[in-house]
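So the chains spell out like this:
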Amino acid sequence: MLKEFTSAFRPALVLTLLFAVLLGLGYPAAMTGIGQAIFPAQANGSLIRDDGRVIGSELLGQGFAGAGYFHGRPSAAGKDGYDPTASSGSNLGPTSQALADRIKTDLAHTPGKSVPADLVTTSASGLDPDISPEAAFFQVDRVAAARGMPVAQVRGLVAAQVERPLLGFLGEARVNVLALNRALDDLPKGTAPRRD
Amino acid sequence: MTVQGWLLILVFTAIVVALVKPMGAWLFALYEGRRTPFHFVLGPVERGFYKLAGIDPNAEMGWRRYALHMLVFQLATLLFTYLVLRFQDVLPLNPRALPGMSPDLAFNTAVSFTTNTNWQSYSGETLSNLSQMLGLTIHNFLSAATGIAIAFALFRGFARRQTSGLGNFWADLTRITLYLLVPLCIVYTLFLIANGVPQTFASSVDATTLEGARQTILLGPIASQEAIKMLGTNGGGFFNANSAHPFENPNALTNLVQMLSIFAIGVGLTWTFGKAVGNTRQGWAILAAMLLLFLGGTAITYWQEAAGNPIHHAIGLAGGNMEGKEVRFGIAASSLFAVVTTDASCGAVNAMHDSFTALGGLIPMFNIQLGEVVVGGVGAGIYGFLLFALLAVFVAGLMVGRTPEYVGKKIEGREVKLAVLAIAVLPLMILGLTALAAVLPQGLAGPLNKGPHGFSEILYAFTSAVGNNGSAFAGLTAATPFYDGLLGVGMWIGRFFMIVPALAIAGSLAAKQHHPESAGSFPTTGPLWIGLLVGIILIVGGLTFLPALALGPIADHVAMLHGQLF
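One line per chain: the protein sequences are A and B, in this order. Mapping of the first sequence onto full-length UniProt numbering: residues 1 to 196, in sequence order. Mapping of the second sequence onto full-length UniProt numbering: residues 1 to 566, in sequence order.
Among the hints, a few may not be true.
These stretches of chain B come out as covered by chain A in the derived footprint (C-beta under 8 Å, 3 or more residues) [claimed, not checked]:
| hint | stretch |
| --- | --- |
| 1 | 39-45 |
| 2 | 520-528 |
Below, simulated BS3-like cross-link-like pairs (lysine-lysine); rule was C-alpha separation at most 27 Å, straight line [what the hints assert, rightly or not]:
| hint | chain 1 | residue 1 | chain 2 | residue 2 |
| --- | --- | --- | --- | --- |
| 3 | B | 417 | B | 512 |
| 4 | B | 51 | A | 104 |
| 5 | A | 104 | A | 79 |
| 6 | B | 417 | A | 79 |
| 7 | B | 51 | A | 3 |
| 8 | B | 512 | B | 450 |
By construction, these hints were calculated from the structure, which means they are not laboratory data. The model shown is predicted, which means the values in this text are computed figures rather than measured ones. Just so it is clear, CB atoms sit at the ideal spot from N, CA and C, and this is done for glycine as well.
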């Protein structure tokens, strides 16, 4: 039995090192090389640049508080939310007092009837870039008022940003909040909210 | 529930069934040691590895030698990863200057990846790119290949006659890695990158948001890790939020492919088993039993999540349960993912199971407690399932008073005892460790939620660890020496106290003669057999865990219906 045991040492150690080099270094390095060559934008995080300055990623949500912007979902990632260094959900369960209180408070601060569920629930990652079309249309009046724009114009902008499910059943209809807000800022008319 | 939701579930199931034969045939070629098209490129690598390591790939191993060599290899890779994690602060590719992991966390993480569990006591954001690649990615390949190798050895036990040889562990491990996992992962990684999963050695970028706040965006070699994380049913995320993170799982298409890749190898192995024992209908019967349990679980979880939480309805929030779910996946794809990841021993998540409704969250936990035999982890699922099959023919044999047989082998006392030992380890460890944590102050310090849901968090943690799943009711604060240590021990025992008895059974079966099927044999292909299998799995799982489930999710459900908050 001892001889059996020691006879395994050499293959175990040598294969650990060989596989470490092949799978731990060679494979990710090769994929990085190919990925960077064929899909450079995606491989680097689908970053959005404005005059060379990185303002975010197409795939990651960011926090919006101003009345003139569409708001994303509440986020449990980091202290202030939408922190990509601390992705997380709330992990509050179905009978959690803290969760019920939070939803109650958020509903009280959200004027209007039948608030869409995604606007008062935290996402799984805390970085959800999307809201439902209902949640976007729900905010049209506030955004239009804050920007002094016609409601119909803002509504049309939202409608243009709605992404439908792939093949009709893969995924849900959604609106990317950052893309929508950038489209708002890019409109020639209307007053952009101050950045301070 | 919506028509689109059910369409997704049906399309998913149909693609899974379509994958069975091609994947099974590919695996069968490796089982037999045949040449594949990839030998042309990777053959020299395989031969070079054998030469440097002093391996004779044709040397047959008995079950003891197979088990011993497998265990020594696990210890070597465990130690390697432990050292990489402990010393990531002084190793290269650490531009964010992250500190080395504490001893208990490094132990827990190394065990977690060695055992194909990928429980995340660590948070992915605290790992350097080198730790992700060299510490974790290699285990994603090797623990998956080990699981498949064990399944091959058990198949040989059923298929071979009057021999002691079960194949060669090193050859199985190397061939599965080189000719199955690596080629699939290369294609899969490129698909993920095309869809937006980053793949770079850069580790972060600073952004200034539209409202002027600073956002540090973490990057890394994510796609290459993501591919094997799903395909090898590992499940350990590059990020804390796992496959819910938009960088790990950017859209509905990647989500569908991720779910398919969790099941792909596991369902293929059912066909490989049938082919190995000379009757593919044996494999299809196993798959049918698995799919019945899968669809049942999916229906319950989807129904509960779509129905939503009456407590929140009373506050004024209508509709299904969206807490802890992503908008791009919605309720259907989140429910389906939760069932798939716990049927298999993957443990990746695209929604937070902790925030599911009480019964919606019970199903994932129950799936793991059944032993993850509904498809199951790569390799682990089929060898776990075959243990239940032995139990089922034994029970059938008792009912009619005949010596039980399965695929041409007489099943006798030794095999049944070993099968019961392997199956009993799971409830003993899960319930024992949960009971311990539920009375000790270090254990009670863990849960985030109060009331029955807090108990559910503890129960889920030990279920997930011993079952080698890796998903969590993640509110539990598990990165403490108490939980790291106990969960680490649970993962180790849950993995190897199943594998070693399975190999012992393989050794004992291989030595037996073949008994051709006769008029008196109990048929192990028809609906009667499938029903018996499902019944045995549910009764063994259900009876053992029902009391604990009553204290956790079932009490939680009753509280939820009565508006009781904690």
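Going through the hints against the structure:
Closer than 8 Å: that is the beta-carbon criterion, and the stretch 39-45 of chain B has 1 residues meeting it against chain A, so the requirement of 3 is violated. Closer than 8 Å: that is the beta-carbon criterion, and the stretch 520-528 of chain B has 0 residues meeting it against chain A, so the requirement of 3 is violated. For the given pair, residue 417(B) sits about 17 Å from residue 512(B) by alpha-carbon distance, which is consistent with the 27 Å threshold. With a C-alpha separation of about 67 Å, the suggested pair residue 51(B) and residue 104(A) falls outside the 27 Å cut-off, and the hint is violated.
The suggested pairing of residue 104(A) with residue 79(A) holds, with an alpha-carbon distance near 20 Å, which does not exceed 27 Å. For the given pair, residue 417(B) sits about 53 Å from residue 79(A) by alpha-carbon distance, which is inconsistent with the 27 Å threshold. Between residue 51(B) and residue 3(A), the direct Cα distance comes to roughly 21 Å. Compliance with the 27 Å bound is thereby established for this hinted pair. A distance of roughly 54 Å separates the Cα atoms of residue 512(B) and residue 450(B); the hinted pair therefore is violated under the 27 Å criterion.
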